[in-house]
Amino acid sequence: MPRPLRLLIALLALGALLLVGWRCLRDPSTAPAPPAAPALEAGEAADASPQSEDPAAQRIAADLRKLADDGMEGRETGSRGYELAAAYVAARLAEAGLEPAGDDGGFFQRVPLLRAVALERGARLAVLRGGRTIELRYGEHFLPWANFDAPSHHVEAPAVFVGHAIHAPELGHDDFAGLDLAGRIAVLLPGAPESFDAHQRAFHSAQREKLAAIAERGAIGAVWVSTPESEARVPWARQRASAGNAAMRLRDAGGGAIDGFPQLRAVATVAAAAADFVFADDERHAAQLFDAARAGTLRGFALPGTLAIAGRTRIEPFESRNVVARLPGRDPALAAEQVVHTAHLDHVGIGAADAEGDRIHNGALDNALGVSIMLETARMLAAEQARTRRSQVFAALTGEEQGLLGAQWFVSRPGAPRAAMVANLNIDMPVLLAPSTDAVVIGGEHSSLGDAAAAAAAEIGLPLSPDPFPEEATFVRSDHYAFVRAGIPAVYLDGGTISADGERDPKRALAYFLRNCYHQPCDDASQPIQYDDAARLARLSAALARRIGDDEARPRWRDGDFFGERFGTP
55 MPRPLRLLIA
65 LLALGALLLV
75 GWRCLRDPST
85 APAPPAAPAL
95 EAGEAADASP
105 QSEDPAAQRI
115 AADLRKLADD
125 GMEGRETGSR
135 GYELAAAYVA
145 ARLAEAGLEP
155 AGDDGGFFQR
165 VPLLRAVALE
175 RGARLAVLRG
185 GRTIELRYGE
195 HFLPWANFDA
205 PSHHVEAPAV
215 FVGHAIHAPE
225 LGHDDFAGLD
235 LAGRIAVLLP
245 GAPESFDAHQ
255 RAFHSAQREK
265 LAAIAERGAI
275 GAVWVSTPES
285 EARVPWARQR
295 ASAGNAAMRL
305 RDAGGGAIDG
315 FPQLRAVATV
325 AAAAADFVFA
335 DDERHAAQLF
345 DAARAGTLRG
355 FALPGTLAIA
365 GRTRIEPFES
375 RNVVARLPGR
385 DPALAAEQVV
395 HTAHLDHVGI
405 GAADAEGDRI
415 HNGALDNALG
425 VSIMLETARM
435 LAAEQARTRR
445 SQVFAALTGE
455 EQGLLGAQWF
465 VSRPGAPRAA
475 MVANLNIDMP
485 VLLAPSTDAV
495 VIGGEHSSLG
505 DAAAAAAAEI
515 GLPLSPDPFP
525 EEATFVRSDH
535 YAFVRAGIPA
545 VYLDGGTISA
555 DGERDPKRAL
565 AYFLRNCYHQ
575 PCDDASQPIQ
585 YDDAARLARL
595 SAALARRIGD
605 DEARPRWRDG
615 DFFGERFGTP
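Take 55 as the starting number for the sequence shown in the numbering used here and just add one per residue.
Simulated from the structure, these hints should not be mistaken for laboratory data.
Among the hints, a few may not be true.
To be verified - Pair by pair, the computed Cβ-Cβ distance ranges are:
1) TYR572 x PRO371: 38 to 46 Å
2) TYR572 x GLN261: 16 to 24 Å
3) ALA474 x ALA260: 39 to 47 Å
4) GLU149 x ILE552: 32 to 40 Å
5) ASP555 x ASP158: 30 to 38 Å
6) GLN261 x GLN439: 22 to 30 Å
7) GLY226 x GLY556: 21 to 29 Å
8) ALA389 x ASP555: 23 to 31 Å
9) ALA260 x TYR572: 18 to 26 Å
10) ALA607 x LEU138: 25 to 33 Å
11) SER466 x ALA231: 30 to 38 Å
12) THR351 x ALA260: 19 to 27 Å
13) GLU619 x ASP505: 16 to 24 Å
As the list claims (entries may be wrong) - List time: in silico SDA-like cross-link candidates among lysine to any residue, alpha-carbon distance up to 20 Å:
14) LYS120 x ALA148
15) LYS120 x LEU518
16) LYS561 x ARG287
17) LYS561 x THR551
18) LYS561 x SER519
19) LYS561 x LEU518
20) LYS561 x ALA509
These numbers were taken from a predicted model, which means no experiment stands behind them.
Backbone N, C-alpha and C fix where the C-beta goes; we use that ideal spot for every residue, glycine too.
I would like the entire structure built from these sequences, with the hints used as guidance.
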């Protein structure tokens, strides 16, 4: 067979194979989910979403395509693309008839920030023990954390293993019992004991809580030792690939980092495979400690010798913006109170190229879709002849991907009307890639908002389903949690789990997305987004907002609720 003919046949066969694969990728809810399934093609099939005759769905689709356009450059916090997206959202809110509720009578609320990048040059983690020095290798064995308080740092001190670094006397648990951390480096594991329930485990697993606990006890540094479980969620290779990315913190009036924990002068993370270097020469090795953590029998102890941690950080101040608008309430007695709607506008920007050479992380589902649904909710409420008794505030927030920073500033900034905020309705990354008949209200069990959501859903004929993945503890992982920490009842509205046609499975589509396109360039507008479902979620949000806005009583935490007792006002 002549070579040109052989080449033509090969190309035709390859084209047929790619066509079959692309048909599966266009509809991930019907595709199998193998461990290394191919990602959606970026930039192709812009009409993959089913067409809708619902004007609300069409408006949501138009907003999403604009916010997830390549011209927005992935909307990284403080970037040019983010600013373009913020201007677009402000214009849409103004067109809907909302009034500005940001700084200086405008739609924008300034969010002061610090950006810090941990540098490879000068990074060091060494174990000095038994007359020898074990030097861990950057990237392979350890990664330094950015230091928001100094461009360079060096700490050498004795170390103490503190288990999960959790003090929870109400649960009969204290990892610090009998240990002295003053002037020492804390060595700790991520996570929390499996004996804790999902909400307790989520709260006590938070890095912020652990760092606060060890700083409070006088530690001057910290070394996180990854576990097989933590690396199953975030593989070490992914951590290493993102090591050069900027970390961010809110910036206080003096120019310092809020929640920067300056007492902890050096922090680093060690790979699970290198954990035995940290515990070298001790009678306990890493595998035993990992087993004890699973069994709930973990105990702390002082380590022999010292640890040395050094590093350099590039630090710079900058600023981003929340977009904030308001529909004033009609009741003079209640109009000062606010129902706050939130959706984060930021994403992760431009990163390493994927297999197709695409570097823009468009963030269509995460979270251009959430913002677009929030915009439609605002339009629905603004178009109604009678406003709710309480005011409705809409905030497209910055810095969620960096630790809920925009939400934290909105709630806790100097002069914030925290007492006036009666509830928060948050929408983040609704993965609407398969048609469903229901919706999910995450966190409804914690407060009377759950009852209000059930009534609102019944009003529009929408069944509610429970959180399909409660073990993921989503209730502490998006902007609404900043409101929860301020004592404000909140819920997270999400897409449904019951298939509308018996063929395409929303839960399978979610699992496929998380495995293949979460924080990847393929999270773009070419996905088969179910805009009718998005419009239905906007209607649920509007119906719930009306109930909260008109109810005589403010939402309240349920008696005995974990978050209500910890954060709610008496």
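Evaluated hints:
no.: 1; hint: TYR572 x PRO371: 38 to 46 Å; result: violated, 30 Å
no.: 2; hint: TYR572 x GLN261: 16 to 24 Å; result: holds, 20 Å
no.: 3; hint: ALA474 x ALA260: 39 to 47 Å; result: violated, 27 Å
no.: 4; hint: GLU149 x ILE552: 32 to 40 Å; result: holds, 35 Å
no.: 5; hint: ASP555 x ASP158: 30 to 38 Å; result: violated, 50 Å
no.: 6; hint: GLN261 x GLN439: 22 to 30 Å; result: violated, 48 Å
no.: 7; hint: GLY226 x GLY556: 21 to 29 Å; result: violated, 48 Å
no.: 8; hint: ALA389 x ASP555: 23 to 31 Å; result: violated, 44 Å
no.: 9; hint: ALA260 x TYR572: 18 to 26 Å; result: holds, 20 Å
no.: 10; hint: ALA607 x LEU138: 25 to 33 Å; result: violated, 41 Å
no.: 11; hint: SER466 x ALA231: 30 to 38 Å; result: holds, 32 Å
no.: 12; hint: THR351 x ALA260: 19 to 27 Å; result: holds, 23 Å
no.: 13; hint: GLU619 x ASP505: 16 to 24 Å; result: holds, 19 Å
no.: 14; hint: LYS120 x ALA148; result: holds, 17 Å
no.: 15; hint: LYS120 x LEU518; result: violated, 30 Å
no.: 16; hint: LYS561 x ARG287; result: holds, 18 Å
no.: 17; hint: LYS561 x THR551; result: holds, 6 Å
no.: 18; hint: LYS561 x SER519; result: holds, 12 Å
no.: 19; hint: LYS561 x LEU518; result: holds, 15 Å
no.: 20; hint: LYS561 x ALA509; result: violated, 25 Å
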